[in-house]
Each structure stands twice: as C-alpha cells, then as structure tokens.
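Chain residues, written in single-letter form:
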Amino acid sequence: SQKIEQNSEALNIQEGKTATLTCNYTNYSPAYLQWYRQDPGRGPVFLLLIRENEKEKRKERLKVTFDTTLKQSLFHITASQPADSATYLCALEGTGRRALTFGSGTRLQVQP
Amino acid sequence: DTAVSQTPKYLVTQMGNDKSIKCEQNLGHDTMYWYKQDSKKFLKIMFSYNNKELIINETVPNRFSPKSPDKAHLNLHINSLELGDSAVYFCASSLGQGDQPQHFGDGTRLSIL
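From first to last, the protein sequence lines stand for chains A and B. Mapping of the first sequence onto our numbering: position 1 corresponds to residue 5, and the numbering continues sequentially without gaps. Mapping of the second sequence onto our numbering: position 102 corresponds to residue 144, and the numbering continues sequentially without gaps.
Read the hints as simulated data drawn from the structure, not as lab findings. By construction, the Cβ of each residue, glycine as well, lies at the ideal position given by its N, Cα and C atoms. Mixed in with the good hints, there may be bad ones.
[What the hints assert, rightly or not] Simulated crosslink set (DMTMM-like; lysine to aspartate or glutamate; CA at most 25 Å straight-line):
1) Lys7/A with Asp80/B
2) Lys75/A with Asp141/B
3) Lys83/B with Glu124/B
4) Lys83/B with Glu97/A
5) Lys67/A with Asp88/A
6) Lys82/B with Asp43/A
[To be verified] Incomplete in silico selection of chain B near chain A, CB under 7 Å:
7) Tyr52
8) Gly58
9) Asp60
10) Gly147
11) Gly149
Chain A extracted, bound-state conformation (with noise of 0.2 Å):
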C-alpha cells in the first residue's frame, strides 16, 4: 500500500543550529514533492517544490532534497530560530490521481 511518512515525534534543536527533517515514501512515483508549514489553529502554508528531476533546491533558510532512488526527501532549516517552531508537512501526488496526499507532519521545537 502507499505510504508518506514522517518522524511523529517532534524535533527538538537549539537556536542556530539546522534542523532536518525526513519524509519517506512506499508505493509512489511522484514527478514532485511539496513541503509546507502548519501552525496550531492555521492552515498549511506551501514552502516549497522539488521536482524528481532536481536533487536540490533552496528557498533563503530552508534547502529540499529528493532521492528518488531512497524514495526520500530532507528539509533542512539552517540557523534555525524559535519563530521556525511549527509542524512541517511533505506532500505529493498520489499515482495517477490529480491530488496531493500529505505525510502526517513533524514537529519542530526551536529552543532559545
């Protein structure tokens, strides 16, 4: 069966340090993959897009990348700040299907 996963147990890191964070998936191949970010009581906001044919791609702080071949993508957030504490969500596009399914989300926990 086809399965996102993400680390349920929240990441916790210092201040300034770089938090990476991991999505596995089984039984897809998708042409791209989604990060984005939830807050409590928000809504997800998207972060960015890597595509299967890049390795890597960087957006400010943040760097995404996706090994098809390990069917995994990392999230990493550098110098990472309390105002980066929230949970990160992959997602892609199922098979064939015109719609993203979303991993479960991690939590991360920047400490002063």
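Go by the hints and put chain B onto chain A.
Positioned in the frame of chain A, the structure of chain B alone reads:
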C-alpha cells in the same frame, strides 16, 4: 486581504443536524479543494473542483455534498452529522492542478456533541 477565507471558524452542533461551511478565494485560482484533518493531524483530500467541475471525489459519505457556484467559491454541506465528523475542515485553492502550490484557509473546527 485574506486569500482563502472560510466561515465559520468554529461550528459546534448536535448529532443529526445539517450544517454548511463556506469558502471563498480571491486569488483568481481555478481549482479548489476540501480537506479533512482528524485528531491525528492527517490531512486528507475530500473533494476537488476545477472551473466549477468536480474532479476528485474521494471515498466520502454521501452526507457530504460540495457545491461550487463559481470559481471563487466552494461550499461544503453536511447532512445528518455524526460524532465521527468532528474534525478540522480546510479549504484550499490552486492555479491549475498537479504541481501547483495550494493555498489554504485557516480551517473550520467542527465539533459534534
């Protein structure tokens, strides 16, 4: 200006009632979605409309009926509410389908007593 707005933000009602949630987007997008986020935080697609045409209808009880009067609006009507319908419902929109980023509203928290 709020890009995707949903009303109401909170909805508390009794089992068996019928309720509606409204969604409007001012981004000029042609595709709109309804998602359900349960207590375990899984965000699941329910419906998707493109140019007022239903294109995705997941395995959702037929008590849930979406309606898109125009490209900027997608409403969700729920009949005979059940305890299991308690969740946060999110509306989203995108410019086209597929790899386009989706813009979400802030959700409607539905609680069934």
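Given Gly147/B as an interface hint, is its Cβ closer than 7 Å to any Cβ of chain A?
Status holds, d = 5 Å.
Lys7/A paired with Asp80/B [C-alpha distance capped at 25 Å]
17 Å, holds
Mind checking the alpha carbons of Lys82/B and Asp43/A for me, to see if they're no more than 25 Å apart?
15 Å, holds
Between Lys75/A and Asp141/B, is the straight-line Cα distance small enough, at 25 Å or below?
18 Å, holds
Hint status (Cβ of Gly58/B to nearest Cβ of chain A, threshold 7 Å)
28 Å, violated
Grab the minimum C-beta distance from Asp60/B to chain A and call the hint holds if it beats 7 Å, violated otherwise.
Given a least distance of 25 Å, the restraint on Asp60/B is violated.
Given pair status - Glu97/A, Lys83/B, alpha carbons within 25 Å
Distance of about 19 Å is within 25 Å: holds.
Identify whether the interface hint at Gly149/B stands, where standing means a beta carbon of chain A within less than 7 Å of its own.
With Cβ-Cβ at 6 Å, under 7 Å, it holds.
Measure nothing beyond the straight line between the CA atoms of Lys67/A and Asp88/A; if it is 25 Å or shorter, mark the hint as holding.
14 Å, holds
Tyr52/B was flagged as interface toward chain A. Is the shortest Cβ-Cβ separation under 7 Å?
Cβ of Tyr52/B sits 11 Å from chain A, so the hint is violated.
Is the Cα-Cα distance between Lys83/B and Glu124/B 25 Å or less?
Given pair Lys83/B, Glu124/B holds - Cα atoms ~19 Å apart, limit 25 Å.
Consistency with the previously given hints fails for numbers 7, 8 and 9, ordered from lowest to highest.
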